[in-house]
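> Residue numbers (my numbering), protein chains in the order written: chain X, 18 to 157; chain G, 187 to 368.
It is worth saying that the hints were derived from the structure and are not from the lab.
Among the hints, erroneous ones may be present.
[Stated by the list, open to error] Some chain X residues close to chain G (C-beta under 7 Å, calculated; not the full set):
(1) F28
(2) F34
(3) K35
(4) L48
(5) F83
All residues carry an ideal CB built from backbone N, CA and C; glycine is no exception.
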Amino acid sequence: MSHEQENKNPFNKENPFKIPDNYFENLSDKLLDRISESDRIKEKPIQIINWKKQIAMAAAVVGIIFMSYSGYKMFYKNDPANQQFSQIIDTTDAEYSFVDEDYIVEALTTTQPETDVEGDDIINFLVDENVDENLIADAY
Amino acid sequence: MTERDDIDILKDFGNPSLSNQAFKEILKKYQVRLYWHIRKIVIDHDDTDDILQNTFIKIWKGLPSFQGDSKLYTWLYRIATNESLTFLKQKKRRFFSPIDEVNQEISSKLESDPYFDGDKAQLKLQQAILTLPDKQRLVFNMRYFDEINYDEMSSILGTSAGALKASYHHAVKKIEEFLKQD
Numbered sequence: 018m019s020h021e022q023e024n025k026n027p028f029n030k031e032n033p034f035k036i037p038d039n040y041f042e043n044l045s046d047k048l049l050d051r052i053s054e055s056d057r058i059k060e061k062p063i064q065i066i067n068w069k070k071q072i073a074m075a076a077a078v079v080g081i082i083f084m085s086y087s088g089y090k091m092f093y094k095n096d097p098a099n100q101q102f103s104q105i106i107d108t109t110d111a112e113y114s115f116v117d118e119d120y121i122v123e124a125l126t127t128t129q130p131e132t133d134v135e136g137d138d139i140i141n142f143l144v145d146e147n148v149d150e151n152l153i154a155d156a157y
Numbered sequence: 187m188t189e190r191d192d193i194d195i196l197k198d199f200g201n202p203s204l205s206n207q208a209f210k211e212i213l214k215k216y217q218v219r220l221y222w223h224i225r226k227i228v229i230d231h232d233d234t235d236d237i238l239q240n241t242f243i244k245i246w247k248g249l250p251s252f253q254g255d256s257k258l259y260t261w262l263y264r265i266a267t268n269e270s271l272t273f274l275k276q277k278k279r280r281f282f283s284p285i286d287e288v289n290q291e292i293s294s295k296l297e298s299d300p301y302f303d304g305d306k307a308q309l310k311l312q313q314a315i316l317t318l319p320d321k322q323r324l325v326f327n328m329r330y331f332d333e334i335n336y337d338e339m340s341s342i343l344g345t346s347a348g349a350l351k352a353s354y355h356h357a358v359k360k361i362e363e364f365l366k367q368d
């Protein structure tokens, strides 16, 4: 062997590496599966949720609700008639909150007066109130 | 079955109904060469498998825009080379280690690798090659084992033929020095 040839192949050219059995036979199927999978993913339309639009709509609804409530507070409560009524409600709520509702209901629905009114009581009332008994006699 | 010319295969690839078949032809024609090119860079079979698949996926995606300004094989080889070098860079980044430490790690795993079937001399040769910087290792493998000429290598690696020649001769010297050690 010449010096040039020795220099051309100074080392062992034999391939020391192995591969698994049927590696190349299976490779094309594996690859084509991967390619079809990636193409399938590309074709699937990606649903893009437009968050900006959603947030804008929600903000608009909240704004409408807020403005309606503010308007109610401003116009309804400022009306004098409604103000008295609302004041009454507020006062009643404040001052009479201690009153037991059941007591009121019972008082209103009782059919028998607590005391019987006698004839002398009526006359005494008429006298106290300075009512002319002749007027009553004429009426009846 | 005789292999068809690349130009004819590429023409078929342009036809949507024939593209799958054309791609299979390219795969069958070049998978072995590309596999061994990658394997000599990254050594490990599983890593090679991953890189080879990624290479062919890139080929599939890139073929529609392949202009034919270089030979198809040159273009395929370039993709495989870039994928392999990117893999090694990422491995270095992942483990925060310099590239020669990554190569040392590969070298130390070689003896116990179930897919390494070489004797002691072949093991030492592979370990010697792994001491080279990645690009120089590429040059050495492509010239020595794949017997690719410098002009073709230049279009694959984007380096002048003269620089590649110099790199190759330095690589040979370094390997010889390593093999002389005990």
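> Each hint: holds or not?
Here is how each hint holds up against the structure:
no. : hint : verdict
1   : F28  : 5 Å, holds
2   : F34  : 6 Å, holds
3   : K35  : 5 Å, holds
4   : L48  : 5 Å, holds
5   : F83  : 53 Å, violated
Hint violations for this structure: number 5 only, all remaining hints satisfied.
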